[in-house]
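Going line by line, the protein sequences match chains A and B. Under my numbering, the residues of the first sequence are numbered 13 to 260, in order. Under my numbering, the residues of the second sequence are numbered -6 to 305, in order.
Think of the hints as simulated: they come from the structure by calculation, not from any bench. Beta carbons: idealized from backbone N, C-alpha and C, even for Gly. Keep in mind that the hints are not guaranteed to be accurate.
Unchecked claim - To spell it out: a stretch of chain A is covered by chain B in this simulated footprint if at least three of its residues, at any positions, have a beta carbon under 8 Å from a beta carbon of chain B; those stretches are: (1) 16 to 24; (2) 91 to 97; (3) 251 to 257.
What the hints assert, rightly or not - With a straight-line Cα cutoff of 30 Å, these simulated DSSO-like cross-link-like pairs (lysine-lysine) come out: (4) A/Lys171 with A/Lys189; (5) A/Lys17 with B/Lys109; (6) B/Lys16 with B/Lys55; (7) B/Lys208 with B/Lys175; (8) B/Lys133 with A/Lys17; (9) B/Lys278 with B/Lys232; (10) B/Lys278 with B/Lys175; (11) B/Lys115 with A/Lys17; (12) B/Lys208 with B/Lys55; (13) B/Lys115 with B/Lys55; (14) B/Lys208 with B/Lys232; (15) B/Lys253 with B/Lys278; (16) B/Lys16 with B/Lys109; (17) B/Lys55 with A/Lys171; (18) B/Lys16 with A/Lys171; (19) B/Lys133 with A/Lys171; (20) B/Lys55 with A/Lys17; (21) B/Lys16 with B/Lys208; (22) B/Lys175 with B/Lys232; (23) B/Lys232 with B/Lys199; (24) B/Lys253 with B/Lys232.
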Amino acid sequence: MTLNKPVFFNTLRSQADATVRLVIAGLLTILLYSFVSGEVAVNATRITGIGALVTGGNYPLTMLLWLLGLGLISRDIRSGSIQLVLLRPLTRASYVLSKWAALFSAGIAVLLFMHAAYLAHHGVDAEIASSLVLILAAQCLQVAAIASVITLFSTVPTKFGELGLLTLCVLIVLMLKLLNLRYSVVFLDQVLDFAWRVVLPSVVFSPSVADTGRGDLMISLLFNAVVAVATLSGAMALMARREFVYAE
Amino acid sequence: MATGGTQFLVEGFGLTKTYRGGKRPAVVDVSVRVAPGEILGVIGPNGAGKTTLMACLLGLLKPESGWGRLGGHPSGSLQANALVGYLPERLRFDPWMTGRNFVAFHHALAGLPESKRDSAVKAVLEDVGLDPQAWSQAIKSYSRGMLQRVGLAQALVGQPRILFLDEPTSGLDPDGALQTRKRLQAFAADGGAVVVNSHQLEQLSKLCHQVVFIKEGRLAGGERLTNAANLRWFVRWVKADGVTDVARSVLATMRLQQGKVEDGGLEVDVADEATAAQLVTMLAKASVPVLAAGPLKGDLEKYFMGGVRDTE
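Throw the hints in and build the complete structure from the sequences for me.
What follows is the structure, given as structure tokens:
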């Protein structure tokens, strides 16, 4: 299973073709920039500096990747262009990997932009230099996991598309969480938290306590690595089983 | 290129494929074989299962039973895919692509060297007769005929040994259809195998060496056109002073109609292969140089309708 360069570059080119999507992505990037270069308020708590780099980056980064990844594979399936691609000498796993890699690359570019913006405004503090490396690593895995979830959702044959599937998953988790407020089943709450973090991978970081913060980062890093591998494997398995025919 | 030691480039055996969990049979126990140098036409009414059969042979669909092999390799395998060029009935593409981008993308997907990409793409686009001004236009602005041409270029660009074409001349003007036919005949003459789905029986009759008739997913009939016992045959001989009178008397002896001028000689249609053989023998004995003899194509429609009725 290797990266297929034509599929990889063609995917990047296709992402750049959607003007509206690029404009919204630009706006999100500006939002991201303002978060990491200034300060962000989360649940009425003001987080500044390195905390903003992580907490402020979580949701804009996720939204940006979902925006760039819409139709990643499902567009090829819907249009039928996948037929011609899969009749070339490349494996389906290689096709999925190349699609994922294109999205992952776009995410990494955004991530590097975030860190450059942060460093430009805050400079490098010797105390947090090692945390910065760990944060970057954890966020790389976060991007990998988000790209994998999008890739998986893009291969699932539904009428609603991957965004519809995401909305459905999020609504189910939220409804169950609301129901559980009444019964307070601890185990169910943990399962729902787990499901939430699988569907919307994030990085958890508590900057107030340095050691705890690093522990959180390590857990996020490992958790997202598992999510990335598991969901990408799922996407490959689904694609291996799918049949593609377009009626006469 | 290796073909896995088989004498057939395309083989499908006992292919059965159903939809809706087995409720709707699309293809039932269909077997086909195409040798190098041959063109197989697949004919049948709409919804008969022609596209499904093609998809099973290509490996896009997994049949419930039976198997397909391309060049001796299992359908859908990388080795089989490396031998195949495919033109679907409706070409699908990324909207931003130009004709040149599209063919270059498939050249790259075929794993062919980048150093030869530009020249290979240019050669194949010229080969299918796509106007060079259109090469840099977005495919979404193409007419149906231009789409067919760029689609055929895409199918030919990976140096395939086997072509699968769904309605290849649909939307083409007569000149374009003739060019496509000649291109496919040249491809077959080079040792390639071609499978064509089409409703254009006249085109198929001029193009194919054999046809299979698919009806309700089943093989309703199949015939090697060059051996079809129920096709009329023609015999053509030299048109020259001194020869014509001799030939006329031979035709009179056999109670055949007189010859008509065709392709620089005189030609007569006869009922079947046996009569043609008898006529060729008698003309030879009378020292009349025979130019050609063979089955008359172009009567596929009657032949097809008869074949389908026989199964009803």
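Next pair to validate is lysine 16 of chain B with lysine 171 of chain A; report whether the Cα-Cα distance is within 30 Å. holds (22 Å)
Proposed proximity, lysine 55 of chain B with lysine 16 of chain B (alpha carbon, max 30 Å): holds (16 Å)
Confirm or reject the coverage of the segment 16 to 24 of chain A by chain B under the rule of 3 or more residues with a beta carbon closer than 8 Å to the chain's beta carbons. holds (count 5)
Check the hint pairing lysine 55 of chain B with lysine 17 of chain A against an upper bound of 30 Å on the C-alpha distance. holds (28 Å)
State whether the coverage of the segment 251 to 257 of chain A by chain B holds or is violated, taking the criterion as 3 or more residues with Cβ-Cβ distances under 8 Å. holds (count 3)
Given the hint that lysine 208 of chain B pairs with lysine 175 of chain B, does the C-alpha gap stay at or below 30 Å? Within the cut-off at roughly 29 Å; holds.
Is it true that the CA of lysine 16 of chain B sits at most 30 Å from the CA of lysine 208 of chain B? With Cα atoms ~17 Å apart, lysine 16 of chain B and lysine 208 of chain B stay inside 30 Å; holds.
Do the alpha carbons of lysine 253 of chain B and lysine 232 of chain B lie within 30 Å of each other, as the hint requires? Given that 30 Å is the threshold and the Cα spacing comes to 10 Å, the pair holds.
For lysine 253 of chain B and lysine 278 of chain B, compute the direct alpha-carbon distance and say whether it is at most 30 Å. holds (21 Å)
Holds or violated: lysine 115 of chain B with lysine 55 of chain B, Cα cutoff 30 Å? Violated, at about 36 Å.
Starting from lysine 55 of chain B, check that the Cα of lysine 171 of chain A is at most 30 Å away, please. Holds. Lysine 55 of chain B to lysine 171 of chain A sits at ~23 Å (cutoff 30 Å).
Has the given pair, lysine 232 of chain B with lysine 199 of chain B, been kept, meaning a C-alpha gap of at most 30 Å? holds (25 Å)
Hints 10, 13, 14 and 16, counting from the list given before, are not met by this structure.
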